[in-house]
Structure formats: structure tokens, C-alpha cells
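S.K.: Sequence:
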Amino acid sequence: MKRFSEYLKTRLRVQHVVSESPPSFLKDVSSKVCIERKPLRFCVERLHSLLRTLELSEIQDLSPICLVANFATLVSTYTKGFSLIIEPFDDRTPTIPNPVLHFSCMDASIAIKPVFDRFQSVVITSGTLSPLDMYPKILDFRPVTMASFTMSLARNCICPMVVGRGNDQVAITSKFESREDMAVIRNYGHLLVEMSNIVPDGIVCFFPSYVYMEFIVASWYEQGIIDNIQKNKLLFIETQDAAETSVALHNYQKACENGRGAILLSVARGKVSEGIDFDHHLGRAVIMFGIPYVYTQSRILKARLEYLRDQYQIRENDFLTFDAMRHAAQCVGRAMRGKTDYGIMIFADKRFSRADKRGKLPKWIQEHLMDSVINLATDEALHVAKKFLRQMAQPFRREDQLGLSLLTLDQLESEEMQKRIEQTAHQM
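Per our numbering, the sequence shown starts with residue 1, numbered consecutively.
Treat each hint with caution, since some may be false.
Distance condition first, Cα-Cα at most 35 Å in a straight line; then the derived DSBU-like pairs of lysine-lysine [said to hold, decoys possible]: (1) K350 x K339; (2) K302 x K32; (3) K175 x K350; (4) K137 x K302; (5) K419 x K137; (6) K113 x K254; (7) K113 x K302; (8) K137 x K113; (9) K386 x K254; (10) K339 x K363; (11) K137 x K254; (12) K386 x K302; (13) K27 x K9; (14) K137 x K175; (15) K38 x K113; (16) K302 x K419; (17) K363 x K387; (18) K302 x K2; (19) K175 x K357; (20) K254 x K302; (21) K113 x K231; (22) K419 x K386; (23) K386 x K357; (24) K302 x K38; (25) K302 x K339; (26) K137 x K350; (27) K231 x K38.
Just so you know, these hints were derived from the structure itself, not from any lab.
Whole structure, please, built from the sequences with the hints as guidance.
M.R.: Take a look at the structure:
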């Protein structure tokens with residue numbers, strides 16, 4: 001372990017980015033410090049055995065050597081589908097030497113392969129598996145059948161729309177060239193102010209990144225938009241600190257439950273977008289400010305895109321768009337958590353109106369995204385939202401769902417329903 005640690009220190013003394021495969025790294029280790037692959041594979045097991053034998057109580061003090069042992073075991077176990085990247089500094093502080101070693105998985109099929117090997121039949125299902133044809137490629141399997149189903153709803157309780165311009169007709173987008181455009185920022189702010197005035201209870205907003213959200217909020221504060229928002233609802237913001245975000249979520253829920261109403265500003269790919277449900281009054285509207293593309297200058301992402309292109313012939317732009325639209329669908333899907341729920345989904349970026357973007361959204365969103373609502377101005381979006389909320393305010397009973405989104409036992413066993421089930425099975 002000492003020789004391996006000294007070797008890592010010498011490897012981290014780099015002036016430029018180094019990228020190599022695990023076999024290449026292990027060959028270099030063998031030639032320079034005479035450590036073969038086999039002893040490295042058992043580093044973690046042997047270290048844990050030694051710690052148990054010594055009965056050490058302060059194991060946290062040994063976390064650095066445990067980390068090195070974990071890396072040694074991983075790099076000697078996984079020779080395919082992984083990449084090793086050494087950076088001379090952190091992207092956030094490029095002027096300060098601070099070497100970083102990444103050991104990243106490029107191939108998602110490695111994680112799911114044990115499941116396919118163990119079970120004869122595997123069903124993969126989700127509300128955001130779209131487009132379906134991408135998953136067999138990146139997970140490297142041949143599906144027996146693929147099917148995309150719509151929602152069985154007793155009323156049109158989903159209201160998706162694309163807001164592509166403000167009332168001043170300036171196009172709104174989170175494209176890099178337009179991120180500091182004050183007209184775009186102002187139009188985003190006016191959209192949120194107007195929506196907070198008509199939408200009851202909770203509104204959840206998502207931004208592509210923490211940096212962009214912080215810049216937008218600072219600009220809104222200078223323009224007085226924050227004050228206008230707080231006249232209608234309380235405002236809470238997700239941060240990168242997990243404890244602060246938990247407090248913000250708790251207070252957001254309290255504000256929604258006591259009738260005051262609240263707005264939560266959060267980030268796609270963050271804690272709120274993937275792990276929290278905003279059912280019923282906690283999320284009557286979701287606004288997606290921009291398309292949540294991943295940070296494209298990341299060296300790990302570049303390595304993965306190169307791997308997908310070489311191994312599975314997946315083009316870079318196709319994967320980036322697929323990944324961004326999947327996250328956008330996950331974000332707006334936070335508002336719909338049941339058949340009695342309803343919500344407004346606002347895609348606030350003109351690029352969502354393009355067929356190549358809309359076509360990658362789940363079927364249950366696409367079927368409600370009519371041509372008449374794919375390039376709205378702020379005022380037009382308000383009109384559509386008001387009309388939808390009036391419809392949702394009408395009495396709706398459990399009996400109204402029978403035969404449509406809910407079935408009694410008699411209906412389920414009826415001859416007509418059995419024929420429909422058989423027809424669906426044949427289509428698959």
C-alpha cells in the first residue's frame with residue numbers, strides 16, 4: 001500500500017489532463033513499482049481484515065488509506081467500461097494547483113448486467129423512459145417487447161405548454177449566449193410573477209444549474225422582481241447544502257398547507273428534482289426555466305460521449321438531448337403523482353417547441369402538448385392556465401372515474417374488458 005500510495009503521488013504531479021484506461025494504468029504500476037494486478041484486487045478485503053484484527057476504534061482517521069485501497073480494488077477489478085482521468089486542478093479554481101483523480105464508469109450496462117444474468121425475465125418501467133429505443137443501446141440488451149402507454153384519465157388534468165417569448169416578443173431561452181441577456185431574465189421573472197398571482201398553493205421552478213439560478217435570482221433582486229413575487233407567495237431556494245435544502249422543503253410544505261402558498265426554486269439533477277414528490281397542493285405548477293443540458297465541458301462527460309460513440313454508435317448530440325429531455329420530464333413530472341392530481345407544466349424555453357425536443361418527451365406529456373400551446377407568450381400562457389384552473393375547480397367525484405381511470409371488479413371481469421386486455425397484449 002505504501003508503494004502504491006507513493007506511486008499515486010507521483011502520478012498526481014501533472015501539468016495537463018491525463019486520460020487512460022485501467023489496463024494502461026495497471027501496466028504502468030507494474031513497470032514502475034512492481035505491483036501486479038492480483039494483489040491490488042484484494043486491497044480492501046485485506047485492509048478490513050487487518051482493522052478487525054487490530055480492533056481499532058478510530059477508523060475514521062484511516063479514511064484516506066481506505067479510499068486508496070478502494071481505488072486499488074476497483075481499478076484492478078474493472079478493466080472495461082471505465083476511464084481514469086487525472087486533472088491538475090479543480091474547474092472551480094483553475095489558478096490553484098489541486099490535482100483530482102477520477103475513476104468513472106463510462107458504460108451503464110455494467111451496473112445492470114448482474115440483474116440480467118440473475119433473472120430470466122426483467123421488466124423495466126418508468127414514467128420517463130423516453131425515447132424507448134435509447135435504453136437498449138446504452139444498457140446493451142435486446143428487449144423482447146417495448147411499449148409506451150398513455151395515462152388512463154377521467155379528465156384532462158395535465159396542462160403542459162411551451163412559453164417561448166415574453167410579452168415584449170423577445171425569445172426566452174437558457175442558451176449560453178443569452179444567459180446574461182437582461183430582457184430574457186426579466187421575462188423569466190415576469191412569467192413567475194404572473195403565475196404566482198393565479199396559481200394556488202405551491203409552484204416549483206427548476207433551473208439548469210446552481211450557478212445560473214444564483215445569477216437569475218441576483219438579477220431579479222436588483223430589478224425588484226423578488227419583491228413582487230413575495231407579495232403573492234413565500235419564496236424558498238434549494239442550495240447545495242443538504243441540511244439547508246431540507247429546512248427549505250419543510251417550510252415550503254408548511255406554507256402550502258396553511259394556505260399562504262409558496263414557490264420553491266431548485267435545480268434539475270438536484271435533490272428536489274429526483275427524490276421529492278409534490279403531490280396535490282404542493283405542486284400545482286412546475287416551471288422548467290431552460291433545457292437542463294449537462295455541463296458539456298466536463299472531462300468525464302467528454303470521455304463518456306467518446307465511449308458511447310465508439311462502442312454503441314450513439315452520437316454526442318443525440319445523447320445530450322436525450323439526457324436533457326429525460327431530466328426535464330422528471331422535473332415537470334413532480335407535479336403529477338396520482339389520477340386525482342392535476343398540475344400545470346411550463347417549459348420556458350423556445351427550444352422546447354422544436355420537434356426533435358418535444359419528440360423525446362414521454363407520450364403522456366406529448367399527447368396533451370397541442371400545437372396551439374407550443375410557442376406562447378407570457379399573456380397567452382396565463383390565459384391557458386386560468387382556463388385550465390377553472391376546469392379543475394369543478395366538482396370531481398370518485399364515481400366520475402369508474403370505467404375510465406378506475407375499474408370495479410365486475411368491470412374488470414367483463415367480456416369487453418377482457419377483449420381490450422387481449423388486444424393490448426397482442427399489440428405488445
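S.K.: Does each hint hold? Answer for all of them.
M.R.: Hints, one by one, checked against the model:
Only pairs whose Cα atoms come within 35 Å are accepted, and K350 paired with K339 is accepted, the gap being roughly 30 Å. Distance check on the hinted pair: K302 and K32 sit about 29 Å apart at the alpha-carbon level, within 35 Å; holds. The hinted pair formed by K175 and K350 meets the criterion: a straight-line CA distance of about 10 Å does not exceed 35 Å. Between K137 and K302, the direct Cα distance comes to roughly 18 Å. Compliance with the 35 Å bound is thereby established for this hinted pair.
Only pairs whose Cα atoms come within 35 Å are accepted, and K419 paired with K137 is accepted, the gap being roughly 34 Å. Among the hinted pairs, K113 with K254 is inconsistent with the structure: their alpha-carbon atoms are about 43 Å apart, more than 35 Å. Between K113 and K302 the CA atoms are separated by roughly 24 Å; this keeps the pair inside 35 Å, and the hint holds. Between K137 and K113 the alpha-carbon distance is near 13 Å, which keeps this suggested pair within the 35 Å criterion.
The hinted pair formed by K386 and K254 meets the criterion: a straight-line CA distance of about 25 Å does not exceed 35 Å. Taking the CA atoms of K339 and K363, the gap is about 16 Å. The hint holds against a cut of 35 Å. Of the supplied pair hints, the one linking K137 and K254 is violated, its CA atoms being roughly 44 Å apart against a limit of 35 Å. Note on K386 and K302: the hinted pairing is violated, with a Cα-Cα distance of about 44 Å set against a maximum of 35 Å.
At roughly 17 Å between alpha-carbon atoms, K27 and K9 fall within 35 Å of each other, so this suggested pair holds. Straight-line distance between C-alpha atoms of K137 and K175 comes to about 28 Å, which keeps the hinted pair within the 35 Å bound. For the suggested pair K38 and K113, the alpha carbons sit about 23 Å apart, so the restraint of at most 35 Å is met. With a CA separation close to 50 Å, the supplied pair K302 and K419 exceeds the 35 Å bound.
Pair hint K363 plus K387 holds up; C-alpha atoms about 23 Å apart against a cutoff of 35 Å. For the hint linking K302 to K2, the alpha-carbon distance of about 33 Å falls within 35 Å, and the restraint holds. Proximity of K175 to K357 is assessed by CA-CA distance (about 14 Å); at most 35 Å being required, the pair is judged to hold. At most 35 Å may separate the alpha-carbon atoms for a hinted pair to count; K254 and K302 exceed this at roughly 42 Å.
Between the alpha carbons of K113 and K231 the distance comes to roughly 53 Å, so the proposed pair goes past 35 Å and is violated. Of the pairs offered as hints, the one joining K419 and K386 is violated, with about 40 Å between alpha carbons and a cut-off of 35 Å exceeded. For the hint linking K386 to K357, the alpha-carbon distance of about 26 Å falls within 35 Å, and the restraint holds. The suggested pairing of K302 with K38 holds, with an alpha-carbon distance near 30 Å, which does not exceed 35 Å.
For a cut-off of 35 Å, the pair hint linking K302 to K339 is broken: about 41 Å separates their Cα positions. For the given pair, K137 sits about 29 Å from K350 by alpha-carbon distance, which is consistent with the 35 Å threshold. Between K231 and K38 the alpha-carbon distance is near 65 Å, which puts this suggested pair outside the 35 Å criterion.
The earlier numbered hints that this structure contradicts are 6, 11, 12, 16, 20, 21, 22, 25 and 27.
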